[in-house]
Amino acid sequence: MRDCDGVVGVQCPRTEANPFVGDVVEERGLLLGELPVVREHEHRIVGHRPVDDGVAVLVELDDAALVGEAFERRGESQPVQRDAGAGLDGFVADGFLAVLESAPDQGGRRALVGVEPADGRAVEDDGDGVVEHEVDPDVIADVVGEKEGGRDTPTEDVEAAGTAGEVVEREIGCRRGIVADDDELAHTRHWPGRELRLSDRTETSNRAAGPPDDVQGRRLLLGCVLVAALLGLFVHHGATADSHQRYPGNEEIALSYEAYAGETVQIAGIVRSLAANGSGGGSDTAIGSTGTNATMTVVLRGWESFGTLTVYGADRAVPPGGTIQVVGTLESDRTIIAERVLPVNPHSWSEPYKYAVSVVGAVLILLAFFREWRVDAGRHVFEVREDG
Amino acid sequence: MADLLSHVLAAYVLFTLAGWRSDAVTRRWVVVAMGGAAIPDLSKASIVVAPRTVEKTTGLPFSYAPFSTLGGVVLVAGLLALLFGDESRRRAWGFLVAGGITSLVVDGLRLSIDGRAGTLLYPLTWWGPPSPNLYLTSDPRVLGVTLGVAAVVFVVDRRRST
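Chains G and E are the protein sequences, given in the same order.
Numbering-wise (this note's numbering), the first sequence opens with residue 1 and increments by one.
Numbering-wise (this note's numbering), the second sequence opens with residue 1001 and increments by one.
In short, the hints are calculated from the structure, not lab data.
Think of the CB as a built atom: it goes at the ideal place given N, C-alpha and C, for glycine as much as any other residue.
Some hints could be false.
Unchecked claim - For the chain G half of the interface with chain E, some residues (derived, Cβ under 8 Å), not all of them:
1. R219
2. C224
3. H237
4. G238
5. H244
6. P248
7. G302
8. E304
9. G313
10. Q325
11. S358
12. V360
13. A368
14. W373
15. V384
Stated by the list, open to error - Ranges of calculated distance between the beta carbons of each label pair, as one might list FRET restraints:
16. E383/G / A1045/E: 27 to 37 Å
17. A362/G / T1057/E: 24 to 34 Å
18. W349/G / T1057/E: 30 to 40 Å
19. E258/G / V1149/E: 42 to 52 Å
20. G321/G / A1045/E: 21 to 31 Å
21. A261/G / T1026/E: 52 to 62 Å
22. E339/G / R1141/E: 41 to 51 Å
23. E339/G / G1085/E: 50 to 60 Å
24. G223/G / I1047/E: 22 to 32 Å
Whole structure, please, built from the sequences with the hints as guidance.
Given below as structure tokens:
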């Protein structure tokens, strides 16, 4: 370590004098309780331990300005503060040892994640048990210490960070990782009586909360298949429904009127005017009554631009604005001799009434549903409300 | 097609009654079936975007009518069931389909000018079951009767659960 190198200590409550454990130094340059920072060293530390089923423990640091800063070398021997090993027994027993990694060209904020084997294997003096580390970009640590020039000394409190040359430590979560605001990765120590405090989150992986990607992928794939099938039904029905109709309908009449003249047709029309010839013609009191020889002028529903047709001989009288279905003979002079008439919407308000009531129904569904179910934002699914 | 509220209330009545006989039909699944009962009414999307507009835009024949058929109910229920967790997805799909079929049956009872209930079984068949011509879809009395029955069932159900 150069004299100019800053050594960052750890500020933490000292509970009691603890055994000096910092001298448990691994032979290959890694101090137990210190910060192994060189990637190539990692392999030796990690060995061939699998970490797939490890428990990740987030360790946080801010190394925003690490570029160009001095970087600790793994071979450096670091005098260990006497208090540094306090509480280490607990750490070792838990099998935790955070391995923080940074690189000189690392620019952005990073939080390193040490992955601990699920079996909680203890850290050996030579560093066994240090297995893996990952980067979590979402975590920032606290400021707790200050730079001390060239020597390893117990740490002191600092007021604030930010001035030139000033180094402010960040207490990095559960392990011993400490990094300064000037992004020099410092030696670390164990602080007494300290258990996992800041980053006590444990995860089975570093993936964001939510269903596994393959589950989401299957849902998405199945959803696409269903949408495609539904669109296929829409197109198929639109292409083939006419051939299955008993009588030509609105579209055929509007597009090829002359071709269907003299044939029996079935139309859906919106009444424009009514001229009833039978009892009660022209008044709402006779609407829906039978025996009326009514004449109604209608437009084809959905094909209003085609113009009006006159329906003769209707046995139902429907006022303007109502909707009727008619089965009858299509004449060449844009008239239909009705055989049967069904008043689908016998009043001008019938259709708005159905829509309004349907809106009430939709609201009722939503209210009833969300009394029993709620959205699980993490899994993107509905789940049963516990208080439902 | 009957109004959506009548569809939903009919499903509520039927599935609540079923819940009195079966512990598997709890209140939370009754509401899922009520949601399924709304599937056929999605054909009202034609109010928002007319089929002819879709045809002009895409150059393909198009119809919303499959929403009101068995095929449309099954597919839309499948899409909605994907919104449920793995543990309840199949059951949700079942209740959604059952609710949708309830609405199709209710629609099949309405007045029809040709005496047929329409192609409710599409795409399995274009055959339309005969309709008993029981009601006119826009008749407010249909909703009145449905509301009354649903209210009675609601009150009885609450008393049973307390």
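Results for each hint:
1. For the restraint placing R219/G at the interface with chain E, the shortest Cβ-Cβ distance is roughly 5 Å, inside the 8 Å limit, so the hint holds.
2. Proximity of C224/G to chain E is violated relative to the hint, the smallest CB-CB distance being about 10 Å (cut-off 8 Å).
3. About 4 Å separates the beta-carbon of H237/G from the nearest beta-carbon of chain E, less than 8 Å, and the hint is met.
4. Given hint, G238/G at the interface with chain E, holds; its Cβ is 3 Å from that chain's nearest Cβ, closer than 8 Å.
5. For the restraint placing H244/G at the interface with chain E, the shortest Cβ-Cβ distance is roughly 4 Å, inside the 8 Å limit, so the hint holds.
6. Using the Cβ-Cβ criterion of 8 Å, the hint placing P248/G at the interface with chain E is not satisfied: the shortest such distance is roughly 13 Å.
7. Interface hint status for G302/G: upheld, as the beta-carbon distance to the closest one in chain E is roughly 7 Å, under 8 Å.
8. Interface restraint check: E304/G against chain E, minimum CB-CB distance 11 Å, threshold 8 Å, status violated.
9. Given hint, G313/G at the interface with chain E, is violated; its Cβ is 15 Å from that chain's nearest Cβ, farther than 8 Å.
10. A hinted interface residue such as Q325/G counts as satisfied when its beta carbon comes closer than 8 Å to some beta carbon of chain E; here the least separation is about 5 Å, so the hint holds.
11. Taking 8 Å as the C-beta cut-off, the interface hint given for S358/G holds, the closest approach to chain E being about 4 Å.
12. For the restraint placing V360/G at the interface with chain E, the shortest Cβ-Cβ distance is roughly 5 Å, inside the 8 Å limit, so the hint holds.
13. Nearest Cβ of chain E to the Cβ of A368/G: about 4 Å, under the 8 Å cut. The hint holds.
14. For the restraint placing W373/G at the interface with chain E, the shortest Cβ-Cβ distance is roughly 7 Å, inside the 8 Å limit, so the hint holds.
15. With a cut of 8 Å, the hint placing V384/G at the interface with chain E holds, because the nearest CB-to-CB distance is about 6 Å.
16. Between E383/G and A1045/E, the C-beta spacing of about 28 Å keeps the proposed range 27 to 37 Å intact.
17. Taken as a hint, the range 24 to 34 Å holds for the pair A362/G and T1057/E, whose Cβ atoms sit roughly 26 Å apart.
18. Separation of W349/G from T1057/E is about 32 Å and conforms to the stated range, judged on CB atoms against 30 to 40 Å.
19. In this structure the supplied range 42 to 52 Å holds for E258/G paired with V1149/E, their Cβ-Cβ distance being about 51 Å.
20. Separated by about 23 Å at the C-beta atoms, G321/G and A1045/E satisfy the suggested range of 21 to 31 Å.
21. Our hint of 52 to 62 Å for A261/G and T1026/E holds, since their Cβ atoms are close to 59 Å apart.
22. Between E339/G and R1141/E the CB atoms are about 27 Å apart, so this pair departs from the stated range of 41 to 51 Å.
23. Distance hint for E339/G and G1085/E: a CB-CB separation of about 54 Å, consistent with the stated range 50 to 60 Å.
24. The beta-carbon spacing between G223/G and I1047/E, approximately 25 Å, falls within the hinted interval of 22 to 32 Å.
Consistency with the previously given hints fails for numbers 2, 6, 8, 9 and 22, ordered from lowest to highest.
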